[in-house]
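Residues 1 to 303 (full-length UniProt numbering) are what the sequence shown spells out, left to right.
Bear in mind the hints are in silico, worked out from the structure with no lab data behind them.
Check the hints yourself; a few may be wrong.
Straight line, CA to CA, 30 Å or less: simulated BS3-like cross-link-like pairs of lysine-lysine [to be verified]:
hint: 1; residue 1: Lys267; residue 2: Lys214
hint: 2; residue 1: Lys214; residue 2: Lys168
hint: 3; residue 1: Lys245; residue 2: Lys271
hint: 4; residue 1: Lys245; residue 2: Lys267
hint: 5; residue 1: Lys228; residue 2: Lys271
hint: 6; residue 1: Lys168; residue 2: Lys245
hint: 7; residue 1: Lys214; residue 2: Lys287
hint: 8; residue 1: Lys228; residue 2: Lys168
hint: 9; residue 1: Lys271; residue 2: Lys214
hint: 10; residue 1: Lys271; residue 2: Lys287
hint: 11; residue 1: Lys287; residue 2: Lys245
hint: 12; residue 1: Lys228; residue 2: Lys214
hint: 13; residue 1: Lys245; residue 2: Lys214
hint: 14; residue 1: Lys228; residue 2: Lys245
Computed beta-carbon distance windows for the label pairs [claimed, not checked]:
hint: 15; residue 1: Gln90; residue 2: Leu220; range: 24 to 34 Å
hint: 16; residue 1: Thr21; residue 2: Glu161; range: 24 to 34 Å
hint: 17; residue 1: Ala142; residue 2: Arg206; range: 40 to 50 Å
hint: 18; residue 1: Asp203; residue 2: Gly289; range: 20 to 30 Å
Since this is a predicted model, take the numbers as computed values, not measurements.
Just so you know, even glycine gets a beta-carbon here, dropped at the ideal spot from N, CA and C.
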Amino acid sequence: MTDKDRHLLTRLISLPPQFNTPMAEHTTLKVGGPADALVHVCTPEELRRVIQFARERDLPIFVLGEGSNLIVRDGGIRGIVLHLTGELAQINFDTTEVEVGGGAYLPHLLVRAAQRGLGGLECCTGVPGTVGGALISNAGTAEDFIGQRVRRVTVVDSDGEMRELTAKDLQFGYRWSNLREHGLVVVSVALALHPDSPTAVMDRIRQRWHYRRKTQPVNLPCAGCIFKNPPGDRAGRLLEAAGLKGVRIGDAQVSTVHANFIVNLGKATAKDVLALAEVMRQTVLDKFGIALEYEVQIVGEDG
Numbered sequence: 001m002t003d004k005d006r007h008l009l010t011r012l013i014s015l016p017p018q019f020n021t022p023m024a025e026h027t028t029l030k031v032g033g034p035a036d037a038l039v040h041v042c043t044p045e046e047l048r049r050v051i052q053f054a055r056e057r058d059l060p061i062f063v064l065g066e067g068s069n070l071i072v073r074d075g076g077i078r079g080i081v082l083h084l085t086g087e088l089a090q091i092n093f094d095t096t097e098v099e100v101g102g103g104a105y106l107p108h109l110l111v112r113a114a115q116r117g118l119g120g121l122e123c124c125t126g127v128p129g130t131v132g133g134a135l136i137s138n139a140g141t142a143e144d145f146i147g148q149r150v151r152r153v154t155v156v157d158s159d160g161e162m163r164e165l166t167a168k169d170l171q172f173g174y175r176w177s178n179l180r181e182h183g184l185v186v187v188s189v190a191l192a193l194h195p196d197s198p199t200a201v202m203d204r205i206r207q208r209w210h211y212r213r214k215t216q217p218v219n220l221p222c223a224g225c226i227f228k229n230p231p232g233d234r235a236g237r238l239l240e241a242a243g244l245k246g247v248r249i250g251d252a253q254v255s256t257v258h259a260n261f262i263v264n265l266g267k268a269t270a271k272d273v274l275a276l277a278e279v280m281r282q283t284v285l286d287k288f289g290i291a292l293e294y295e296v297q298i299v300g301e302d303g
């Protein structure tokens, strides 16, 4: 990114961009090198302008949510890292439907829906990301996921054009949606919820949260599950059966609580994490003949 790019970019948005900011400060695993430009966009129009600018200047774009489910390599990210805030993070209810900005924090949505006596998103309890990120990766469980609640989605495409998609335009699968394949940025989504008592909804959220606290490493930096569950089995079970709990490279360690998590003990690098993840993947392949597929997103350049 040139000095001219930086100057022009600053004029497109209301909040000042952050240049050469370490992505370790913006990911839940606390690893990652610098981003050329971390850009906070507050309105749909700002989002459109930045995407069009990036296209004209041939700058790559990466959309950052809350930094979970993400490993940024030690060399950092070239081009523009987008973070949606302001109008793009609002939550607006209309009876049992809620219109949510792509940058809205998912746990806040769950609590506000519960307070209004609206259920249907409890499957996303404990997911520390944005609504847009949850939609793109179809957060939830194998049986109950956010994609089932979608009525329509407003997106910006790679040309900076706004488009509205209905449920029939979308496809959802296990940790997948076709939104990612088409390079679309989620501006907002309308979700259909169902009425319930606030107490009942909050009880379900608390039960799921307590279960996560008992079965997942919530007290150390981590990115979430490293691998997807293979058909008919669980990645965590395979990794534990392979004797991988507690295995460590540098300050990256396979969690002693859940073997499908890598935790940062303090000074881990992305290189440490990725080397450990490859040991995990190769060990399961050697012992069980099962090739695990990454669930976590890996981006950026090597250091």
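Here is what the structure says about each hint:
no. : hint                        : verdict
1   : Lys267 x Lys214             : holds, 25 Å
2   : Lys214 x Lys168             : violated, 38 Å
3   : Lys245 x Lys271             : holds, 19 Å
4   : Lys245 x Lys267             : holds, 19 Å
5   : Lys228 x Lys271             : holds, 21 Å
6   : Lys168 x Lys245             : violated, 42 Å
7   : Lys214 x Lys287             : holds, 28 Å
8   : Lys228 x Lys168             : holds, 26 Å
9   : Lys271 x Lys214             : holds, 29 Å
10  : Lys271 x Lys287             : holds, 24 Å
11  : Lys287 x Lys245             : holds, 15 Å
12  : Lys228 x Lys214             : holds, 20 Å
13  : Lys245 x Lys214             : holds, 16 Å
14  : Lys228 x Lys245             : holds, 17 Å
15  : Gln90 x Leu220: 24 to 34 Å  : holds, 32 Å
16  : Thr21 x Glu161: 24 to 34 Å  : holds, 29 Å
17  : Ala142 x Arg206: 40 to 50 Å : violated, 22 Å
18  : Asp203 x Gly289: 20 to 30 Å : violated, 42 Å
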